[in-house]
Amino acid sequence: MGRVTQFSYRKEDFALFQLDVRCKIICICSLSVAITKADFLHLFVISAALLWLIYRSNLKILIIVKELKYFFFMLFFIVIVRGFTTSGEPISIYKEIYITKEGIIDGAKISWRFLSIMFMGLLFSCSTQSASLKNAVMWFLKPIPFIPEKKRVGVMVSLFVRFLPLIMDKASEVSDAQKSRCSHLQKNPIKRIKNIATPLLQKVFHSADKLIIAMESRCYNANRPEVNEHHFLRSGYEEYFYVGTALLAFFTIFI
Amino acid sequence: MRQNIIEIKDISHIYSTTGRGLKNISFSVESGEFIIVAGKNGSGKSTLFRHLNGLLSPTSGKILIHGKDVSSNIRYARQVVGMIFQDADCQIVGQTVFEDAAFGPENLGLSFEEVNKRTTKALAELGLIHLKDQNPATLSGGEKRRLAIAGVLTMRPDVVVLDEPFANLDYAGTSELLSAILWLNKAGHTIILSTHDIEKCIFWASRMLIIHEGRLVADDKPQYLLKDVEKFGIREPCASKLGMNIMAWR
Ligand SMILES: Nc1ncnc2c1ncn2[C@@H]1O[C@H](COP(=O)(O)OP(=O)(O)OP(=O)(O)O)[C@@H](O)[C@H]1O
Ligand SMILES: [Mg+2]
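Chains as they are written, first to last, in the numbering used here: chain S, 1 to 255; chain C, 1 to 250.
None of these hints come from the bench; they were simulated from the model. All C-beta atoms in this analysis are idealised placements derived from N, C-alpha and C, irrespective of residue type, glycine included. There may be inaccurate statements among the hints.
Once the Cα atoms are required to be at most 25 Å apart in a straight line, the calculated PhoX-like pairs of lysine-lysine come out as [to be verified]:
id, chain 1, residue 1, chain 2, residue 2
1, S, Lys66, S, Lys210
2, C, Lys40, S, Lys210
3, C, Lys132, S, Lys60
4, S, Lys170, S, Lys187
5, C, Lys231, C, Lys221
6, S, Lys11, C, Lys121
7, S, Lys11, C, Lys117
8, S, Lys210, C, Lys231
9, C, Lys132, S, Lys11
So the derived list for chain S, only partly shown, Cβ under 7 Å to chain C, looks like this [unchecked claim]:
id, residue
10, Lys203
11, Ser207
12, Leu211
13, Ile213
14, Arg218
My request is simple: use the sequences and hints to build the entire structure.
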């Protein structure tokens, strides 16, 4: 049965959820750029701000950690790889195997940056309806020449975010079904990935097929007339978010 | 005389990959009927239904809706014939209950006010209005089915086609869905419903079709077919087995 992940859209009574989508996109883009230059102090401040938003959005940190556990493995992996490959002061971890302190610090910084960006993505996807995202994409593309089918791009982007929760949902379903048949005893990681990926892809394509048939049967086409095409609802909180983002970005880049 | 909404003229549809499908099916549907299409798994019920609104086209034969050929009036067919699919999860398109129910009329290009009006009305009629801001994935199985019905009602269809609507529903879910379907029929919608378990709705059905291995093998009032159904892998209702009259399922 369909489960709701922390990434799924929900309706909450909090400014972030009423924000003009364009404002959200601008804030995310500028913060993402700033984060590429962020050091530990900056990351700490940015993460604190994001965690506050996550808390106010009624997202559950523990569940997020659970849903993103493979992502955390990847972050850990980055730290390890950096530890091995960066030159610097060696620390022995086991007999003849050395990693470097500089590598670990560097890896931790990179992982933390990834994590902050993931948190922004999470906040965005749980607070944004795909229809308004589509409108925003079309709005941003409007001044750009040479893209003849802006509507189509908008539809693609919004379909893509619509499918993400579906994929996450199917992935957990497949992995649960396999766990209950003791898949965790399989030691070979390649086999494990293959066992999950094959049915997952099949399932995703199959459900995508069904979803498309169901949409078609309700007269869907890419050129569907938009009901609130040019209505971007302003919540009145946009200025606060612009100012907050600008401060954070300035602090990160120049201080 | 009542007027024919749907006329199916000798359609066949063979899937090239499996060689199975539909073979030479003909029947017509009058306005206001409540039709059960019965048949065991793989008999071709879903394939038949997908022809009714042009999701599949027959390899031979013709389907007319209000006298218009479906294959050249697809949009019209999809508006007149609302379709509820077997898999409740895969037909949810919107991210909130309201958005999902509004999907069809938005596609039809209706005005903002009209979409809102129709959606609110349909959600209220199916008892879902208090859930309108929820994510559809959080609904129960019965609520999802009713949402799917609301989603086609907003397009003002004449015919509502339901593919295995009772699959996976518990007792309460089933009886709520059943009363919704009966209410639809009373409100003037023609109902076509497929099932392999005829017990639940046979009392109300005005007609039953039996599909077997892609062929239409029986088409009559349900009470005349009861003794034959088991030949085609469909369970005979208990009451009939015991020699009693069929009663309303509840
Ligand atoms: N896309 C397809 N490609 C090839 N064969 C198919 C396809 N879809 C269905 N079939 C075959 O056509 C036959 C009829 O399938 P259909 O889904 O219409 O049956 P059904 O009566 O709806 O069954 P169920 O009760 O299981 O839903 C089956 O034998 C099936 O294997
Ligand atoms: Mg079927």
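Now the hints, each set against the structure:
no., hint, verdict
1, Lys66/S to Lys210/S, "violated (29 Å)"
2, Lys40/C to Lys210/S, "holds (21 Å)"
3, Lys132/C to Lys60/S, "holds (23 Å)"
4, Lys170/S to Lys187/S, "holds (23 Å)"
5, Lys231/C to Lys221/C, "holds (17 Å)"
6, Lys11/S to Lys121/C, "holds (21 Å)"
7, Lys11/S to Lys117/C, "holds (21 Å)"
8, Lys210/S to Lys231/C, "violated (32 Å)"
9, Lys132/C to Lys11/S, "holds (10 Å)"
10, Lys203, "violated (11 Å)"
11, Ser207, "holds (5 Å)"
12, Leu211, "holds (5 Å)"
13, Ile213, "holds (6 Å)"
14, Arg218, "holds (4 Å)"
Hint violations for this structure: numbers 1, 8, 10, all remaining hints satisfied.
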